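From just these sequences and the hints, can you work out the full model?
For reference, the chains in residue letters:
2 protein chains.
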Amino acid sequence: MASELLEPATIDLAFDPGSVGIVETRTAVLFDPPRPLRTDGQAELGPITVAYETYGELSPERDNAVFLCHALTGDAHAAGLHAGNSRKPGWWEGFVGPGKGIDTDRYFVICANVLGGCQGTTGPCSINPTTLRRFALDFPVTTVGDIVTVHAELVRYLGVEKLLSVVGGSLGGMQVLEWAARFPQQIASAVVIASAANLSAQGIAFNTVGRRAILADPRYRGGQYYDADEGPRFGLALARMLAHITYLSEDSIEKKFGRRLQHSDRLGYDLMRETEFQIESYLHYQGKRFVERFDANSYLYLSKAMDYFNLADSYGSIAAALGRTDARFLVVSYTSDWLFPTSQSKQIVRALVESGRHVSFFDFDSPYGHDSFLIDEELPRLASVVRPFLEQTLACVRG
Amino acid sequence: MASELLEPATIDLAFDPGSVGIVETRTAVLFDPPRPLRTDGQAELGPITVAYETYGELSPERDNAVFLCHALTGDAHAAGLHAGNSRKPGWWEGFVGPGKGIDTDRYFVICANVLGGCQGTTGPCSINPTTLRRFALDFPVTTVGDIVTVHAELVRYLGVEKLLSVVGGSLGGMQVLEWAARFPQQIASAVVIASAANLSAQGIAFNTVGRRAILADPRYRGGQYYDADEGPRFGLALARMLAHITYLSEDSIEKKFGRRLQHSDRLGYDLMRETEFQIESYLHYQGKRFVERFDANSYLYLSKAMDYFNLADSYGSIAAALGRTDARFLVVSYTSDWLFPTSQSKQIVRALVESGRHVSFFDFDSPYGHDSFLIDEELPRLASVVRPFLEQTLACVRG
Chain A
31 MASELLEPAT IDLAFDPGSV GIVETRTAVL FDPPRPLRTD GQAELGPITV
81 AYETYGELSP ERDNAVFLCH ALTGDAHAAG LHAGNSRKPG WWEGFVGPGK
131 GIDTDRYFVI CANVLGGCQG TTGPCSINPT TLRRFALDFP VTTVGDIVTV
181 HAELVRYLGV EKLLSVVGGS LGGMQVLEWA ARFPQQIASA VVIASAANLS
231 AQGIAFNTVG RRAILADPRY RGGQYYDADE GPRFGLALAR MLAHITYLSE
281 DSIEKKFGRR LQHSDRLGYD LMRETEFQIE SYLHYQGKRF VERFDANSYL
331 YLSKAMDYFN LADSYGSIAA ALGRTDARFL VVSYTSDWLF PTSQSKQIVR
381 ALVESGRHVS FFDFDSPYGH DSFLIDEELP RLASVVRPFL EQTLACVRG
Chain B
31 MASELLEPAT IDLAFDPGSV GIVETRTAVL FDPPRPLRTD GQAELGPITV
81 AYETYGELSP ERDNAVFLCH ALTGDAHAAG LHAGNSRKPG WWEGFVGPGK
131 GIDTDRYFVI CANVLGGCQG TTGPCSINPT TLRRFALDFP VTTVGDIVTV
181 HAELVRYLGV EKLLSVVGGS LGGMQVLEWA ARFPQQIASA VVIASAANLS
231 AQGIAFNTVG RRAILADPRY RGGQYYDADE GPRFGLALAR MLAHITYLSE
281 DSIEKKFGRR LQHSDRLGYD LMRETEFQIE SYLHYQGKRF VERFDANSYL
331 YLSKAMDYFN LADSYGSIAA ALGRTDARFL VVSYTSDWLF PTSQSKQIVR
381 ALVESGRHVS FFDFDSPYGH DSFLIDEELP RLASVVRPFL EQTLACVRG
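Chains as they are written, first to last, in the working numbering: chain A, 31 to 429; chain B, 31 to 429.
Keep in mind that the hints were calculated from the coordinates and are not lab data. Treat the numbers as computed from the prediction; the structure is a model and nothing was measured. Among the hints, a few may not be true.
Since the list gives no way to pick one copy over another, a pair counts as held whenever it fits inside one copy or between any two copies.
[To be verified] Straight line, CA to CA, 25 Å or less: simulated DSS-like cross-link-like pairs of lysine-lysine:
#, residue 1, residue 2
1, 285, 192
2, 318, 118
3, 318, 376
4, 318, 286
5, 192, 318
6, 318, 285
7, 286, 192
8, 376, 286
9, 118, 376
10, 118, 192
Written out as structure tokens, the structure reads:
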């Protein structure tokens, strides 16, 4: 029986009072011609399908909506379970739900897949209405700004004029910053977690190696692999393995895996045994699993959007960008995050102080590296600052 | 004229009083059957050709020999220039020569390519005397211990019973530690730079991704690519690009490249432009150049030797390993080195103190990351501790 394959924790979620329960991904079609999206790269794109989920109820005043921005490989499914066979819990199940960090008893929560993604929102694997073939590399290079513009339209479509808050980590945090700069009147607060006002040169370096892995895979076929038996799974898995190392701290890898061997207590002296150490086995597994759920072209486009993100460049300075909004800010970093180090969060905080904005800043002493904001053990601490921040924001809004 | 293509600095080296001038790589054939090398993995290998260079003169007492252990992709050519067309200076030209950090006016310096390498010493691209074809994957998996065993034999072959010092950085430093444990009577001192008593789990993680890149390249052909038109150059270049990131500090990448673009002052919005940012262009160049000089199979074998290195595992504890020798130790680390962090050097120092050995330790505040020991700007500082250390050792020996 298929259900026996599910872990008990997963099955129980549907009836867990701490979970939003069974949820559904819906879609909205926006930017219909003759009003397509004009991207930052001056391409025209439309119609654009946006996949989204909502949890909780919009208040009669329409003032309790919280928008969640997902990270590089996330999707609209942030909380709850899907009905049917795919009962995978949302990516922020531990943080979003009744009584949780983002309390769905109090807030109307929206999460949507990003433009350029592959989980329901228009991206390179979608059908190009002009050619009736998949976009592949005909998809325009889109930016964090383009992603946010599409999501802002979705929020309006859902009848929300001003968000109580926009919340996100990593690439999601970049989106939050762009929300503040691009739609300053549309948000009352912003929560920026493990993020930065621009990707570091080291971050660009890792991304370029990941993209190279995909592009050099002969199965990539210039991006037109959709009708082939096999896509660039080696390249995509490699990109994921590499990225995964950067999401963990050195300490957490050392503690979790160290130099332990996977299948034996002796070295094998066999070069072809690629998963001899546990850390090797773990990374290979991560790569393999990722390929099953993610599109290689989306990976290229979204990592490029990350590389391009540069708040100072787009608006003159970080302070000029963030000074456009009256929103209250909460900035969170993690001490062991070396991909988006604390120093980059401090840069955001300084810019907010400089432009006279309200900002709370927490640098949590976590061992888990960049992934901390997704790790169950770290969520209570994150909740302890996000909950009161949202409450205070609601109090401010309701005056 | 070909000489016009050489940089002036390169041409002048041959006549530079600070350089050892024109040098030659020689070879020795060791471990001739019936006395082959028995590797740590219990394979038999022999004869083994060892490529080496020497600089300076061996003293009549034969007490002034210094052995240099090169890092992952180094070779026997540490100093001076080769005659003929390939006038490339040695990899430690700034540190080894008359009056330099390792003073060839005072010391007889030996440097040899490692077992499993591809620069003259027997490795996977050498001809297997049994099959008369290249070894490829028939080459046995060899360890840092095997490398050192071959080099110890070379040193004896050169008429040196006891080395004044054995010196190396990174994988070279691992060899130095293994020298101390395996041939405790054959060295009077040891200089361990930017190294560790074992590779960290994070280091293994990066290595496994690099190896995956090579193995997944269809041109790898199960290691039998030598007779093909093209080897796994994409995979090997990718492995190098990735490794190169780990050799630099985040700060040094930020300062040297930042987010500067390579060819334009505007973003190109073109996914196929792989070298848009300067850091991308730099890494692609490094990858491309590396492929011209290095063998993919050697990369697999040597990175595996690094993964396997574990002094504590081989000898019970680091203290037990290093306590076998009476050699004096100098340990050097660099603050911005995150691949072989200072904490790992301190572990070596603690073990030496624990076993009552003489040790000097310097943690240099350098911005250049793991590569610091190869960077010209850092060499005077390194020389300022290595020179007196070698002098004192010589004084002790001649005591």
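Quiz item: If you check each hint against the structure, which ones fail?
Solution: Numbers 1, 3, 5, 7, 9, 10, in rising order.
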